[in-house]
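First to last, the protein sequences are chains A and B.
This note's numbering numbers the first residue of the first sequence as 3 and each following residue consecutively.
This note's numbering numbers the first residue of the second sequence as 3 and each following residue consecutively.
If you're looking for bench data, these hints aren't it; they were derived computationally from the structure.
Reference listing, derived: stretches of chain A covered by chain B, where coverage requires no fewer than 3 residues with Cβ under 8 Å from a Cβ of chain B:
(1) 453-460
(2) 464-471
(3) 503-511
(4) 535-548
(5) 583-590
(6) 597-609
C-beta: ideal position from N, C-alpha, C; glycine also.
2 protein chains.
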Amino acid sequence: MMAVNAVFESWNNQRAIIYRKDYSIPDNWGTAVNVQTMVFGNMGDTSGTGVAFTRNPATGEKKFYGEFLMNAQGEDVVAGIRTPQSIEKLKERMPEVYESLVEIYQKLENHYKDMQDIEFTIQDRKLYMLQTRTGKRTAAAAVRIAVEMVKEGLVDKKTAILRVEPEQLDQLLHPIVDPKAKVGVIARGLPASPGAGVGKVVFTVESAQEMSSKGERVILVRQETSPEDIGGMNVAQGILTVRGGMTSHAAVVARGMGKCCVTGCKDVNIDEGKRLFKVNDNIIKEGDWITLDGSTGNIMLGRVKLIQPELSGNFAQLMKWADEIRKLRVRANADTSHDAQVARDFGAEGIGLCRTEHMFFEGKRIDAVREMILSDTEKERRKALAKILPMQKGDFKEIFKVMDGYPVTIRLLDPPLHEFLPHTEEEIEALAKEMNVSVEKLKAKSNSLKEFNPMLGHRGCRLGITYPEIYEMQVQAVFEAACELAKKGKKIEPEIMIPLVGHVNELKYTKDRLIKVADEVMEKMGVNIKYMVGTMIELPRAAITADKIAAEAEFFSFGTNDLTQTTFGLSRDDAGNFLPFYIENKILPKDPFVAIDQDGVGELIKMGVEKGRAARAGLKVGICGEHGGEPSSVEFCHKIGLDYVSCSPFRVPIARLAAAHAVLKEGRADTISTTA
Amino acid sequence: MMAVNAVFESWNNQRAIIYRKDYSIPDNWGTAVNVQTMVFGNMGDTSGTGVAFTRNPATGEKKFYGEFLMNAQGEDVVAGIRTPQSIEKLKERMPEVYESLVEIYQKLENHYKDMQDIEFTIQDRKLYMLQTRTGKRTAAAAVRIAVEMVKEGLVDKKTAILRVEPEQLDQLLHPIVDPKAKVGVIARGLPASPGAGVGKVVFTVESAQEMSSKGERVILVRQETSPEDIGGMNVAQGILTVRGGMTSHAAVVARGMGKCCVTGCKDVNIDEGKRLFKVNDNIIKEGDWITLDGSTGNIMLGRVKLIQPELSGNFAQLMKWADEIRKLRVRANADTSHDAQVARDFGAEGIGLCRTEHMFFEGKRIDAVREMILSDTEKERRKALAKILPMQKGDFKEIFKVMDGYPVTIRLLDPPLHEFLPHTEEEIEALAKEMNVSVEKLKAKSNSLKEFNPMLGHRGCRLGITYPEIYEMQVQAVFEAACELAKKGKKIEPEIMIPLVGHVNELKYTKDRLIKVADEVMEKMGVNIKYMVGTMIELPRAAITADKIAAEAEFFSFGTNDLTQTTFGLSRDDAGNFLPFYIENKILPKDPFVAIDQDGVGELIKMGVEKGRAARAGLKVGICGEHGGEPSSVEFCHKIGLDYVSCSPFRVPIARLAAAHAVLKEGRADTISTTA
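Isolated chain A (complex conformation):
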């Protein structure tokens, strides 16, 4: 290796001999020196030099691919002063040399059983190989090469699967900016959600919805987003925010939607009044075309050409092989029938997390939700909830239909109620008018719901316990939907999931009431539905007392987002001031919101699984945090024996491949570890 390196360097430096000294060697040691004869590609028209790949590194096509320069050393190829020729031209100029090169590259690829990146020099018609190494490639090429090499009998399926890094697939699952396109980058933000999007700039949810209803493609540009913006985000091709980081609301929701998103672009100055934004010297008005690249954070002027993902052929073949090997099931987090469809298209085997609160924001529903919140009595609340019931029921029916018998885990309402109320003075005034209540009453309600630490506040099952009518309505909606479909012969097996349980009594209290509602609906409809009631394990206390909780829970789903926040005592929304510093200075080995912190959070998960299964044999256990689609976390979930992972639809293929990797790496030394 040393010799090869030395020659390679000399090749660039045009020195015949190179002295290599390893400065870490103590002074009283001798210094090793390799002396090696150089070959010269610049000895006239019968000499030359080149680089080549045994297959196309961009597409994976099985075709010799490279370039060379006559009468040149390697530096000339690298420096780009002269334009190299395509490798085919060598066949014309020096057929014997070319033939010899082909023979060698084929030998090398057959020997290493992988695509090679080779360097060569021709000195006076004689071919010298300078280097060979496994070639870097795009995701598309990786997939194609892996699959074709299996067909050629060069490698087996297992090797092929391991040749593609799960994280790489992300490139294939979203539209990307055509690498050949000419682009004008006007600013760069954080690459918050991968893929690219082209659309006309809009600044409000209303404009987004209005324009998209006319068939226009839009990019939503906001200071930051909040749950009220979901409607606009839903119809946009991409989202751009001035504030927020990789884990801001916009970023998390966009990733869930598989939509490109660029956040934290502080150069952008929005002037909502004038309906424009300024960035550096550019002024972009509402309706102007821009292109976002959520994989790089680039913001580009105009309509840039995109390449759409191709999920059949080799990709489908590789995924099929991965599915044959993996033991973990892969579900998706999906809140709408559209997401559910995307999830199925990507191979999801169920919904692991259907967040019912997202249904509360859509369209006119938010009015009924607000009416419910402003109610003073249970009776008034039930009246308002009755308006939401048919809408939720409709949602569930659509989702059940799409999932066609696959399990659907429905999480009952989780966020604190104040998330459904407006926050600014103007919004409050507008709402008060609309709802026909006094501004004072609305403000008083809003104030009474205000929390110091909403993350640790009146949410999850705490809401379900203090306002049982909310969960009752939701469960009624689930069972009415399920029963109606069951009557038509559909197989529906809902899994009702209670969020934020810390003590088994919370689960028992809630579950007892919900089973009653379910039974009533089933009796009324004359149908019997097989269902389960389980819980999120997203608080340290739930994991620690998992044996007690398993006595009441028919399944566990680890909510690793909240579990990471509580285990670390770290609010994801507030971590921006120090977490980047921590990662940079290696105080934390990795961002624990990206990859499961195996030593801390992971220990709790392990404890939860062990205690839970000890108390209830065969307890079904999965995870539904964002970690469910991150390869090292998927491997961890496999190792500790989870039944499934659930992730955003666009990460389902990544999780499928990572789950196969986990099986193949079992017992090997190169298993992924997130901890130092």
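For this one, chain A is given, so just place chain B on it according to the hints.
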């Protein structure tokens, strides 16, 4: 027992026979019936009835104490229609009966070896004993009876110790309203901090300080309190707030100060402009006298007579016996030399938690703190910190002096910086003027520091890591203070405590820098101080990875307040909307912020102790949450082998007694459990 109960009931109901039916017995079972002859105290002037205690239940004095009525049944004594006579009168009226009664009561007390509550009836000069049971008594009586019975040889010291419930002592440690005083209760709030206080009403910190500097006693009346009110709370006799619960800022701080506090008194309407408050029909103006009872929540008009605590004599004797038995050391949480002195007076053997941020609020210091926060560069921050240095150094010197060689654990800055900035529009404007910065700059800074979940935000060691100069200043102050005293021959052994560590790297990063500062100071001063650097264990992750953290920590102190919040995912400040419902409906067996949740938080503590000691033999471990002074929690700490508990100074005696109870109850079935 059944027969006795039956007679007792019949005695009240004047029925000769009573049928007792236990309705829980299934219908096909027989019903047990006791038939018993009655005796009658209402058969003329040679008959009567009475109740008595073998010792005085209010004071504990060893003197027969009771009352009787001639020609009466028990109901007449209870109903209060006739005024009973003192038991001594019986001696005059029926000497033989009295003699017989004395003989019996002495026999009963000697038999049961405890003060008895007896009931008797005389039927035609013949004495019948109806009942005897252990008598209820005040805390003062409990202490006196226990100690005197040891001296009389009736019980041993261990029994005496167990005869006084630790929680009872709280009555003895604060001034109380004289039970004989006539009081006019105008409203009632939550009994947030025990004891009673008398003073003139003030509404602002400034008035409180001004009046108290003139020797006036004041009661601070506020909507709610915030850290900026500390100065006013410090000088007040008591605190009354309109808002907030048992765990509000006012409640927690007042308990720490051992000061009475009534919170959540919604009937009080403060008109700050007119400097008065209205409550029901009363108008109380600034300067009017009121009396607060923090043990009952009562607010009384005028100056009510109080009884001051008596801590010598029997109390001191009992505590001495407890100290001989207990194995846990007891420290106090104290932030000032005044608190430290109170703590020592109550028998604290060190300071387990000295919160340095409280020093940041006092007087002019807050200006320098704000200057530091508003600084844009490290250099500016260091300049502002240099102003705080001599003040902190002075504080530490005073505390070290009072503690006279006892260990002092100093926690470096913990709260997020925004806690030091004003929040209302007016306050911000006033501060901007005072600090000579623009309102915009101040607002921008304040906004940039705003957090969604401050509890999980940029605080604790996260601040110390991103702004190392803050902790460096604090450690410099500690060591300069310690060195100066050491030069004078004092023994000072500071324990530097890093808060909110979740990953060992945070501790290592901080510790390495602080040791450097400590070494520099010691070298400069030419003194060598023995010191330790340790950490709070207040995040689940710290407990789970305690083995790794112990590699860097010389001691652990469990911060059970925050550990409870993160383990449950429950913000103490926001729990008011559901926690009371949870306790009432037995969803949680006890308030986990009062008594350690042994199944959940307790498991984490156990894990932390075991892992920590496995990695570092003899690791010193204590707790410093509010639980440190709660008896069932103290018993738990004893069981799992902690070295010490630390609690607010006023709870030190409770902790001392509870620690002795823990030893005495070991292996017995009646150990306290907080869980169902």
